[in-house]
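Asker: Here the sequence shown is numbered in the numbering used here, starting from 1 and rising by one per residue.
No lab work stands behind these hints: they were computed from the structure.
You may find that some hints are simply not true.
[Unchecked claim] Cβ pair distances, simulated, as ranges: (1) S45 - E149: 37 to 43 Å; (2) R196 - L57: 18 to 24 Å; (3) Q139 - Q244: 20 to 26 Å; (4) K13 - I200: 26 to 32 Å; (5) I253 - R53: 51 to 57 Å; (6) I253 - D74: 26 to 32 Å; (7) Q244 - P56: 44 to 50 Å; (8) L254 - G54: 52 to 58 Å; (9) I255 - K13: 52 to 58 Å; (10) L254 - I215: 47 to 53 Å.
[What the hints assert, rightly or not] Below are the SDA-like pairs computed for lysine to any residue, each with C-alpha atoms no more than 20 Å apart in a straight line: (11) K245 - L282; (12) K211 - M108; (13) K162 - Q37; (14) K247 - S92; (15) K162 - I257; (16) K276 - I85; (17) K17 - R50; (18) K134 - I255; (19) K134 - D106; (20) K247 - I85; (21) K247 - P221; (22) K284 - R214; (23) K276 - H264; (24) K13 - Q37; (25) K162 - R136; (26) K284 - L234.
Bear in mind that the values here come from a model prediction, so they are computed numbers and not experimental data.
Just so it is clear, CB atoms sit at the ideal spot from N, CA and C, and this is done for glycine as well.
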Amino acid sequence: MDIPRYWARAEAKVTIKGQAYNFIAYKGSDQSLEAAQVLASTELSERIARKERGEPLGSYPKHGAPLREEIIEDIIHNQERIAVITRNSAGSLVLNTARVMFIDIDLMQSHLWERVSWRQILKNIFEWPKSKPKPRAEQVLERIHQWYENHTDFTLRVYRTKAGFRLLVSHTLFDPESPLVTKIMEELACDNRYRRLCAIQSCFRARLTPKYYRIRLERPPGRYPWQSAQEELLQRDWELAYHQKIKDYDVCILIEILGDAPPHPEAQVVMDIHDKFVMSELAKPLA
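Could you put together the complete structure from these sequences and hints?
Answerer: Take a look at the structure:
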């Protein structure tokens, strides 16, 4: 998992060939804040030098990696860090897992329809009588079932989310960067943004708490790492209001379990933490 514990920022205002620029660089480190500051300063100097040489700066951060997220809790199993709970830029808590696979499927993602040919689309338009299409949620669930029928050695926990479905594969562990994981996510039409986030962090991810806008709560403007004590204070005050308000919401509903293989011990630990956060026995709205 690429989830640095310490983050630092370096900034410089420079003039190059008569043009004023404001360069900012962030870097993370697991060693210390001082180590992160050295990395950020080095990155800043390298970017300024490239600009002075007329070289393209490219994307920054490179490939978007890693995400600047505050570590809330390390999950230890058998003296090994198997997962990390972080707070993302939107304020939600996120469970990052080293080897326990989560798959996010968004109902609105067009990927589900990319395999349909124009010939089939025209046929569906002009055929008579017209049959009413199945709801998207039903179609996605059928797709999950069809995939499982060809992989009955798997055990899938199927959750309903506000925007689609979440799968937790519990029978074994996976390398998030392996071709097998890529293949599985492609076959199940996993959300593209989710796949990118997993690649950025070299782990699997599952949001544990509601999105702020779904519970009608505004976010303060600052982003981790905080640039001032006042900025952090605004964030901490917001967190108090946020955690009070999310008590009225759930993130997921467990709708079924496909397969009967017992969960891997590491997956069991992750599953217990995940389910404690995202579900309740009450019929709360999803957010």
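Asker: For every hint, state whether the structure bears it out.
Answerer: Going down the list of hints, with the structure as the test:
1. S45 - E149: 37 to 43 Å: violated (56 Å)
2. R196 - L57: 18 to 24 Å: holds (21 Å)
3. Q139 - Q244: 20 to 26 Å: Given about 37 Å between the Cβ atoms, the range is violated.
4. K13 - I200: 26 to 32 Å: holds (29 Å)
5. I253 - R53: 51 to 57 Å: holds (55 Å)
6. I253 - D74: 26 to 32 Å: Distance hint for I253, D74 holds at roughly 28 Å.
7. Q244 - P56: 44 to 50 Å: holds (47 Å)
8. L254 - G54: 52 to 58 Å: Holds, at about 56 Å.
9. I255 - K13: 52 to 58 Å: holds (54 Å)
10. L254 - I215: 47 to 53 Å: With a Cβ separation near 21 Å, L254 and I215 fall outside 47 to 53 Å, so the hint is violated.
11. K245 - L282: holds (16 Å)
12. K211 - M108: holds (17 Å)
13. K162 - Q37: violated (39 Å)
14. K247 - S92: OK: K247 and S92 at ~13 Å, within 20 Å.
15. K162 - I257: holds (19 Å)
16. K276 - I85: holds (13 Å)
17. K17 - R50: holds (13 Å)
18. K134 - I255: holds (19 Å)
19. K134 - D106: Within the cut-off at roughly 16 Å; holds.
20. K247 - I85: OK: K247 and I85 at ~18 Å, within 20 Å.
21. K247 - P221: Not OK: K247 and P221 at ~24 Å, beyond 20 Å, violated.
22. K284 - R214: Between K284 and R214 the Cα gap is close to 13 Å, so the pair holds against 20 Å.
23. K276 - H264: holds (18 Å)
24. K13 - Q37: holds (17 Å)
25. K162 - R136: Holds. K162 to R136 sits at ~13 Å (cutoff 20 Å).
26. K284 - L234: violated (28 Å)
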